[in-house]
Structures are given as structure tokens and as C-alpha cells.
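K.L.:
Here are the chains, one letter per residue:
Protein chains: 4
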Amino acid sequence: MGRAHSNAWKKATLFFDLPFEPVLKVACGRKKEELDKFAKRWSWAETETDWRKMIARDDIDIIDIAVPQSLHFEIAVEAAKAGKHIFCEKPMAMNSEQAIEMLRVCEENNVIHYLNHNYRRVPAVALAKKMIADGLIGDIYHWRSSYQQDWITDPDFPITWQLKKEWARAGPHWDLNSHCVDLAHYLIGPIKDVTAITTNFITERPIAIEGSTGNLKGRASEGQMEKVTVEDAALMLVNFSNGAVGSFEATRFANGRKNKLSFEIYGKKGSLTFDLEKMNELGYYAVDDQEQLRGFRTILVTEDNHPYMENWWPAGHIIGYEHTFIHAVADFISAISEQNSISPNFHDGVEVIKVLEAGLQSSYEKRTITLNNNP
Amino acid sequence: MGRAHSNAWKKATLFFDLPFEPVLKVACGRKKEELDKFAKRWSWAETETDWRKMIARDDIDIIDIAVPQSLHFEIAVEAAKAGKHIFCEKPMAMNSEQAIEMLRVCEENNVIHYLNHNYRRVPAVALAKKMIADGLIGDIYHWRSSYQQDWITDPDFPITWQLKKEWARAGPHWDLNSHCVDLAHYLIGPIKDVTAITTNFITERPIAIEGSTGNLKGRASEGQMEKVTVEDAALMLVNFSNGAVGSFEATRFANGRKNKLSFEIYGKKGSLTFDLEKMNELGYYAVDDQEQLRGFRTILVTEDNHPYMENWWPAGHIIGYEHTFIHAVADFISAISEQNSISPNFHDGVEVIKVLEAGLQSSYEKRTITLNNNP
Amino acid sequence: MGRAHSNAWKKATLFFDLPFEPVLKVACGRKKEELDKFAKRWSWAETETDWRKMIARDDIDIIDIAVPQSLHFEIAVEAAKAGKHIFCEKPMAMNSEQAIEMLRVCEENNVIHYLNHNYRRVPAVALAKKMIADGLIGDIYHWRSSYQQDWITDPDFPITWQLKKEWARAGPHWDLNSHCVDLAHYLIGPIKDVTAITTNFITERPIAIEGSTGNLKGRASEGQMEKVTVEDAALMLVNFSNGAVGSFEATRFANGRKNKLSFEIYGKKGSLTFDLEKMNELGYYAVDDQEQLRGFRTILVTEDNHPYMENWWPAGHIIGYEHTFIHAVADFISAISEQNSISPNFHDGVEVIKVLEAGLQSSYEKRTITLNNNP
Amino acid sequence: MGRAHSNAWKKATLFFDLPFEPVLKVACGRKKEELDKFAKRWSWAETETDWRKMIARDDIDIIDIAVPQSLHFEIAVEAAKAGKHIFCEKPMAMNSEQAIEMLRVCEENNVIHYLNHNYRRVPAVALAKKMIADGLIGDIYHWRSSYQQDWITDPDFPITWQLKKEWARAGPHWDLNSHCVDLAHYLIGPIKDVTAITTNFITERPIAIEGSTGNLKGRASEGQMEKVTVEDAALMLVNFSNGAVGSFEATRFANGRKNKLSFEIYGKKGSLTFDLEKMNELGYYAVDDQEQLRGFRTILVTEDNHPYMENWWPAGHIIGYEHTFIHAVADFISAISEQNSISPNFHDGVEVIKVLEAGLQSSYEKRTITLNNNP
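Chains as they are written, first to last, in my numbering: chain F, 1 to 375; chain A, 376 to 750; chain D, 751 to 1125; chain P, 1126 to 1500.
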């Protein structure tokens, strides 16, 4: 994440005409040696191992929070109190109380807050949003989504922080469904009620050998096992306030799926499909196409007139994962410059966390949970 | 359905080496004129408008029930009592009481009963079953399925018997999910509990002009409306007895999807994908493939060594929808000849109906329903 | 081929409203025992091992020629002289002299002649034709086609009649390119000049053990080899009279391709793509689609309003290879009834054979061959 | 191109561990104002409008030639004479005489020369190369490629330098086929003979309004037309020295294809497919896969163990077009550091140009041209 963020901060002004250029001032981390090496490569001016000291500085305007979610709350609250604008990774927090408080403090201190559900800024997703807003899809009947990975299907894969409740709050439901719920909010609208089940396929895992867990690739030690305290998969059904129904599936046990966030949207006038592993493409079916000639079309979203794409390459020359971060940074800088809010932000994040919490509650209580959307 | 069944009875012996040849003896229907025309075209020897008279005949061994599900119970019970073997369309019945009784009477009378969840006999599906049985997929984590159509997205599409509870019991949950639940039972195993939601997008529809409803294409009359009494979409989550989790979505409101039954199966050793609109293909990911070279492959299931395919054309020459009926008839005739049972049958059908009923109950009561699998 | 043809003759009247019903009168073949068995299964009334005797009968109106191409000429000429209508397999003949004479005799005797380039009657192909005729594609720039199979990539695969010049005239160029050239004529127009190369990958093969060659699956005998006297692959470039350029590739050495006839058409207003292994689908790109939303769409050609499809199943229920034969028989019977010509016929066949001959000549002489289209 | 190159020079050391960091010293261009703006954004230290002065400087080690091909010869020869290492865009030169001389001068002056056929460094293409080298594909039978774009299908699209012979030498044959021929050399081997046709669909075009031609999007002036002096499409067949046959199609008239370079490779043991518009995927068919389970698989080339990918993101997070330039720069810097040659270089470029020249000659003379591969 440090690389993806640093790259975005450096690259945004090269490809986008922005009102000012971000300065990479202080890189913050716990391990001094690694941190210095990282900062040197990415030309961060300084390093710091105590995030409170970093926030205390006067020469910093923006705090980019790219740490595990268990740390978001404390950092974000302090940063907001110090008047820093916030660029925060997802999932936003460990629970809705934290999220609501993060939002409150930001609003109180008038800082701009951005929550990095970065897939809103995939050009194909932004185009989908535009098409829905333009009425091309009509009243929406169905949202069908899944986020599938396969990095822990091997029972010998050692335990990581992502598999421990105290660090992660939950498993793919928190990590992956948060993306899908944010997209559903963005593209379909608010969720009224939630019905979910969760499960575990592997209940304990070996402890990783010290220092071997970089990049999710730790080697397992022999014999010592630790309990997995988050779910391995989460499935969720929802009713949206506008009458649509939706489904979500998040798992790290879908062999062959590396980072497959996919959604299907079916509306009265048209349908849309998307798959993050083919992120430059958007599927579209138009009911109004001439009879006989209707069919799902694949829009290669790389044209000048597609969202964000005039800043990149000629048509047909695709972009990748990291570009979503650059789009986010570009929009965030513009928002700061114009004193505007940007979406998704902590308000959006609160709504996502509420839905995720309701999902966990539903899975525990084995019943539908209605969301209170009027706090 | 009459055409698809008649075609299968006529064609099975042409392409399969069967122990005997079925004789198309009596075609039964309500409307004499249409029936005679149909019988003549398909060379049925006689016609009959009273199904009880047909069942009473001594010169008939098999009753093929291809009528709406509200009529299955009565006909099947009478046929079984008369000692006829039964080839029955799905969904099996209006409720589990009917289904259980149908099964009981068949067993009591020692007749062979077949329930036409015909998609088990798509060669790609039969191959999937074989692969799972051979251990190629390993312990199964996920079943993800949907059955999507779009024939009633137009609110002006007139009401049909499929949209009335008294004729159909339920909507796509009964009609489409029954296929998917049968496949899930076949490929994954028994279901332990069910959590579901259902919804309606269009609550009333025009009444069709008399005689205009053939082939789901009725013209609407003006002004006269009738209430839709079944759901328009049904979404369901399940836990399987073996620890897998599963999801089902059935809808007639997915614009662009004509007859898209699709499933994904993720297991410890491999994954499978299928889409009925591309029914000659099976997707397969093998964890044991050489590292670097892993990927979902598309098996074109048209080779001599694929299930049923040695009876058809050279490799690469695809087959279609109607062939599943021919495979069913061929296996049914063999089963009768060998005095064997055939799957799926009324036993399988009872299990499907129980799951579907639990799904409806779950959607009404907004809670998970545990199935009693030990009657 | 006997099965595919018999099936079509039997089935056409079941699914199409035809002016008369074909009677399966005499099945003709060389091996009496096999023939009788075949005739019984398919309910041919009689059998005959001497085709001249069959043609001499008064009670036969149609001769269906489904034998290797080396025999077409003699049979077709005799049949035409006897006033029989002709349904003839492709490739039409061994050379253009034969083909021209076959056409001449048919015209002289006023018989209706049909040449079974059956892929014109794939609904997706017929739809492509209609779209081009309706002006949806505009002036055509490119035709890009290939026909790929893989049944002889194994050098131990024994020699068959298809690999011997005296039986087949040529290899995939004759067998496969004939289909593609016919489709190019149908969809694009006449060809002006031809530039081709051919090659052999395996120059000799084992002789098959007697009686083991059914269904292209002979076992090889040890030691005895025979020379392959046709090409293994043929590649061809053409200029069409209307200014389009085209390419053709025919091979039996494309591992993984079972029966992949594919084409791409690029025109001023739109583009089309087709793949026989997914024969129910047609790809279409419309230049006139709204900017931002352009993309290749996949038309699932199974709707009532698609060519031939109102006679089959509901939308989304696909058909297969054998249906092209049924469509051909239905149209042929109608043509006879209405005393109309039908396409493709021997006239079309002559044009195909001329192009194929020019291709062979070009590959021998290593230069472009201009066709004389004004005989 | 300036952006893609600058980005690569800046970014290579961020993602790759390189022996030294390139300094962006002097940006050179004709138009002072635009150049200064560009240099500022990309942090080039200085600018220069006279390329000879730039080459004359002592403080420069590398010359990156990213100008139209008509200028390559002069600049490359001067740069080599000055002892600069050369990173050169393709197509290499206007003819083989130029190319041969460029190579000669580079070798004489011991400079490292790299020719930017960048698609060799798409990870999927590099993986294909490795698989062929490892023997997974076996003896190769077929290469089938095309490079399709659609940016000039509109007859009103104004003329650009790419459509003028004096600037571009030829059309898509030079621009696009050069990529495909380079890949064919890389993946299959040397070409023995060439047979080609070329054509023009639009023979004259409007002259663009001054200053409006940026990014291939000029507005046409009214009335003034200029002759197109290069071909619009080029089709080419080849025999490779190893016995394989190949085909190439290059066009700017394939509506719906934005930047579709695709190839298929068929060998004795396996097959490969690639499409630049889906550049993170490689298709693979293995003859040795278990019978019944064979099929083309899609390898998502984003794993740590795939070429170049350990430097990027977790599996399933795709990369894009610009990354090929970064890979090239990284390898080029390593080559300089280790005093090694790098491929493709001017030697490879000479071979490509010879094939392209033979293609043009073949199209003029309407006959096969045999290459003299032993100069």
C-alpha cells in the first residue's frame, strides 16, 4: 500500500493538470530501517516512527492513512483535530461508533476527508455511474456482486493479521465486502435491510516464522497453531430503499480468482456488468437497441471521452490497478484546492460500516436486520 | 414442452442403442383441435382429452407428465396406482406434502419415476459431476448460482399462469431455483439451512387478450389488470451439510439474460464454472496445474469421451437444448429395461421441494430455516 | 454424414410447416450389412448398393449425395439426367470442369440443385447476411476468416481418404476453405484475385488397420507408411471485386481447435464476428452507437425474430450443428414445391471451386492469380 | 510518446532494483514553448531544440529517440558516433539500407542499442516466450496474427504524417506489422519467404487545420484534399525457416478494434493466444492435459512468478500499456550497467525491416519474395 500511495502522490501531477503539486514530506512507519529505505526510493523528504509527532508538525497539510484498520480511528481523529486533510484507506474503522466519531471530528474541524474505496475511480465504474445517472439503465431491479480471492485456500498458509479479529474486526466481509457495499451505495443507493451468513473453512493455522510474512507470503512454522478469529467467507442479501434487491459474496477461498470483484446490474432499460480482473471493460445491454440486434456489448473504456482517460494513452491502450489511486489523489487535491468535499468520504464510510455490522449481526442472529438510516 | 418431449421420444432410439423403442401411443390435452394437429405432426397414434381414460388403458406403460405443476400430483398418483412408469416435468409439485405422497405411491406400486431436471444431462454438467466424484475439485467451499431470464421486464407484459400462485405455487423460486437446487444437490450435496429473500417489482399486470398467450407472447388487453401473486425474484443463501456455503438467485427481471443458468463451484483442488447459454462449455481451474500456468480453462464438451457425446457429432460440433431431453429419455428407457431407478427422481424432487419451501418460509419469517433432513 | 442427413429429412417437417413431407425411400451404400442396419434405425424403406439403380427408379424425386467428393460428379450428372432434384454435399467436385458440367446438366434438365454449404443456415450467419443487406455494416473493408481443426496433429494418426489427393483433390483447402469461401461469397461478394501458400507438416503416415477407421479414429498399423498427398494447411489472401480484402486460413493442425470456423467482417458502419464453436452468438459493433458506449456486442441469436429460430425453442435455448441440416432440408423442400432455385447451389459451387483452384495454382506458382469472373 | 518515455525513465527505479538511476537531463523538441512546458512537468533539467547540440554534450550517456521514423537514421548514427547508448522507437528506419548502417555504426562504436518493440515486455508475451523455450508448445505449426485499429475509418479524418510516404515509408504495414513481425521473430524464428497484398480504401483526405492534429484528432479543413501515399491495410503470409507458416494483417480500418494486436500460435504440444487489449491474459492449450479435461485456459499473468510481475502488485491486480516501457527501461539500464546487449536491438530491427520491405515488394510484384537471410 505504501508503494501504491507514494506512486499516486508522485504521479498525479504528471498526468493531471492540478492546482498544486503534493510534496512528499514525511514517511511514517514503525521499522526505522525499512522505512528509511522506502523513503529514499520514493523520495520522501523525511521519516518518522511516531505518527503523533508527524501529525504535530506545522508543515504538513495532508495525512495519508495506509495502515491496518485497527489504527485508523486514533490516527484520523488526531489528524482531524490538528486540522489535517485526510486520505484514508478502507475499511474505515473497526465499528460504526469509531466511524461516526471519525466523521464528527472531521466535520467539526472542517477538514476534507477521503476514504479510499478506490474502485469508484476505475474508469469503467465511473462510466457505469454516469450511465445510471443519465437514465440509461432505468429503475434498477438487481445488484449481484462478488469479491473473490484465493490466497488462503492452502490450510498451511500461516496466520496473518487479516485473520485476527483484534486487528481486522472481520475477514473478507470487512475487507472485500466493504468495497462492494460502497459500490452498491454509489451505483444503486441506500440499503434498507441485510440478511447474511458467514462461515469458516479453516479454523486454525500455523504461526508464521518471524519476519517471513511480507507480501502475504509467510512460511509456516511447524507445530504451532493459532486460531483464525474472523470468517473465511461472507454472503449477504439486501433490499435497497429504491426497491432493488442485491447480493454480495466475499471470500478468500475461490481458487483461480485472484482479485475478482464483479458486479451485475439489471435495470428496466438496461444492464451492466463489470469484473475488476478485466477492469478496462464494461458490459452493457440496452433494451432500446434495435430488436434482433440486442446483446451485451463490451465497452473498452479507454477512449478520450471516458472518465479519466483523456489523461492517459490513446484508445485501446489499457491502464491498471495503480491508476485508481492516481485518480483518487488527483480528485482529492482538486477538492482541497476548491474547498469541496469529495466522495467517498467518512460519511460514505459510516454507511458502509453500518451495513457490514448489520451483516455480521444478521449472521450471528440468523435473521434479517433492518438498518436505521435516519440517525 | 410437448414438442421437446415428443422430439425426445422419437429421437432417442435414433442416436442411442436402446433395449426397446418407445411407441408414441396417446397424446393427451385439453383442446381437441390443437391436440389432433399436434398428434398428427408428431405421429402420436391416438389422442385423448381425459387423462384418466389414458391412464386406464392397458396398452400404455409410460406416462409423460408435461403440464403445469398444479396438475402433477393428481396425475402422478393415478398413474403410479395404475402401475405406469412416470416421466414427470419439474417443478415436481405444489408443496412437499404432495411430493412426499407422489413418491410414496410410486414406491408402493414399484413404478420407475423420473423427474425432468433435465440440466443434469447437459454433457458439461455430467462431466462436472464426474470430475467432482473423481476428486478433482476436492472439498467444496462454494456454490454460487443464478438463473436469470428477462421475459417479464415489460410491465405491459400480460399476466400468465406462471404469475398466479394457484397455478404455479411460486415464481422463479419454484420454476428456476428448482433447477439450481437440484443441481446443487447433485453436485455438492444436501442442504442444511436456508436463508432467503423474495421481492416483487411489478405487482399487477394486464389480462391477456383471449387466445393470445401462446409461447409467452400474449398481447395485453387495455385497462383490465390482475394481481401478480408470485414473487418476481428470489435470492437464497444456504449452508450445505458438508460445510460448503451456497447462493442462488432466480429472476425474470435480468434484461439481456434469456435463459442464463450459471454456477460456479470452488473447491480445495479446483474450481468449475458453467453457463447454460454456452452449454457446450465447462470452465475448470486446477490447483495442481504447473505454477505460472494456472488459469481457468474452457473445456469444449463435445468429444467422444465426454458424457453422451459419442452418440452425437464429431468434436467441436455442438448440441443444443433439446438434446438434454433425448439424454433423459434414453436413460429412462434403459432404467425401465433394467428395472433400475434413475436420477433425479421423486426422491430427489422431494428434497428440492423441501428446500424451496424453506426458502419461501425464510423470506416470510425473515430468518434462517433449518431443514429437517431426517424424516 | 448419413446420420446428419437422415435426421434432417426426418425432422424438418416436425419443426417447419412444409408443403410436403419427404419420404425416406432408399438408402444407398456400398456395404450391405452396415447399410441395412443403418436403414432400419433411420426407417429408410429400402436399401440399394448400386447407386445407378437407385437413380433409375421412378418413385424417387430427390437424390441426396453424401459421399466423398470424388464421386459427386458422376452421381450428380446421372441424377440430373434422370430429372432428380439434387441435395449435394460439399466440396462440390474435384475441379472446376466437373463443377461446370454438373451445373450445366442440372440446368439443362431443370432440376433443382442445392449444395450443402450448411453454415449459411446457422441463424447467426443468416442474421449477419441480413444485417449486411440492410446496410448496417456499410461498405466492407475486411474479411478475416479461419477454419481450424486438430484431428491429425498426431503424426501417428493413420492416413485416411481425406489425406489422399485422388479421393479428396486437396486437404483443408478443399474441405474447410470451401466453407469459408462460400461464406465470403455470400456475405462479401465475388473474389477478384487470389494469393495463397500451402504446406505439409507430416509427409507420410501409417496405414490404418483394416476396419478401424470409423469416425476418423483408426488405429495405426506398425511399420507400413503411406505418403500424404494433400496439404496440411492452406493460407489465402484475396481482393474482392468490391474493394474489400480478405484472408483465409484452413488447417487441421491447430491444437485445441475442434471445429473452429471463425470470421471477422469490418465495414464502414459496423463490424461482425462469428465463431462456429459458439454458433448461437454473433458479435456486432455499431459505429452509430452513442459515443462513449460503443463496443462489440454479443447477440444471442435465439429469439423468435431471428432467422429460423421461431421454429425452435424459447429465447436463450440454444441449437446445435445438426440444425443447419434441418434448415437446409426445409428450404430445399420449399424450393422444390415452389419451383424456385435455392442458394447455395451448383452455380455458387462453381464459383467456390474456381477460387479454390486459383488458390492451389497460386501456391504452386508463387504468384497472385486473377480470376476470370466473366466466363 | 514523450510522456510514455519520460514516465518510464522516472518510474523504473521506483519499482525495479537497478544499478543506477537515470537522470532526466535534456528534453529535445522543435517547438520551444511546448517543450519547456513538457520539460517542467516531467522535471527534465534542461531543454534543447537542436538535437545535434544535445548529442554533442559530454554529460549525456543515453539518447532516447522518440520521433517519427524518417528521423531515426540521422539521429541514431550521430548518437552512436558520439558514443551514446541508444533507446530507439520503432519502426527502426525508412528502409533496410538505413537500418543496416545504423546497426553497423552502433557496433563500430560499441554502444548499446535497444529498439522499442515494447510488446516483447508485456508479461504475458514474455511468459509465452519462456513456455516456447521450455518446450511446452513443441514444434510450431502456425503463427496467426493481426494488428487492428480503427482511427482513420472516417473518410473525413484529416491526413497526418503517418499517411504520407515521405514521413512514414508505409502505413500499418510499417507501423503495426513491424510489431507483429518482431514478435514472430521472437517467438517463432526467422522468416524464409513473404507473400503480401496491400490496399487503399481512402485515397485522399482533407488537410487538417493548422495546429489541430494533436493526439490524432485533427479537425479537417474544408475543400483542400491531399493524397494518401501509404497503404490502408497490409496482409502477409510467410513461411518460417523452421517449417511453420504464418499470417499477418495490419489495418487502421477495423471498426471497434482500438489497439488489437492479437496472435495465435499452434504447436505440436500446445497452443497460445494473446490479445493486447487484454494484455494481462495469456491463452494456453496443453495437449498433455488429461483427456476429457483439455481446453484453452486463460492465465491471468499477474503472479509473483510471472515475468516482471514481482515488481508490481499482488496477484489479480493488473498493469497497463505504460508498464511495457518501464520494463524496457529497467532492462536497458541493467544492460548498460552489465555491458550486455539487450533485445530487441538494431540487429533485430534490421531483420524486421527486411521482412517488411519484402512484403511491400511482394505486394507490388504480386509474387512470393524469398528473403536472403545470409547477408
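Possibly wrong hints are sitting among the right ones.
As the list claims (entries may be wrong) - Taking CB as the label site, the calculated pair distances span: (1) F:304 x D:977: 57 to 63 Å; (2) D:889 x A:600: 32 to 38 Å; (3) P:1464 x F:341: 53 to 59 Å; (4) F:134 x A:564: 42 to 48 Å; (5) A:418 x D:1041: 55 to 61 Å; (6) A:722 x P:1255: 35 to 41 Å; (7) F:165 x A:617: 55 to 61 Å; (8) D:942 x P:1175: 23 to 29 Å; (9) A:395 x D:889: 58 to 64 Å; (10) P:1162 x F:36: 32 to 38 Å.
To be verified - Here are the simulated DSSO-like cross-link-like pairs (lysine-lysine), alpha carbons at most 30 Å apart as the crow flies: (11) F:260 x P:1254; (12) D:1010 x P:1383; (13) P:1162 x F:10; (14) P:1135 x F:40; (15) P:1394 x D:915; (16) F:130 x P:1385; (17) D:880 x F:268; (18) D:879 x P:1385; (19) P:1385 x D:1018; (20) P:1255 x D:1019; (21) P:1289 x P:1157; (22) P:1255 x F:260; (23) D:879 x A:400; (24) D:1116 x P:1162; (25) D:1019 x A:415; (26) F:260 x P:1383; (27) D:775 x A:412; (28) D:1010 x A:505; (29) F:11 x P:1290; (30) P:1157 x P:1254.
Rather than coming from a laboratory, the hints here were simulated on the basis of the structure. The beta carbon of each residue, even a glycine, is placed where N, CA and C say it ideally should be.
K.L.:
Tell me the numbers of any earlier hints that the structure contravenes, in ascending order.
P.N.:
Of the numbered hints, 2, 6, 7, 8, 20, 23, 24, 25, 29 and 30 do not hold.
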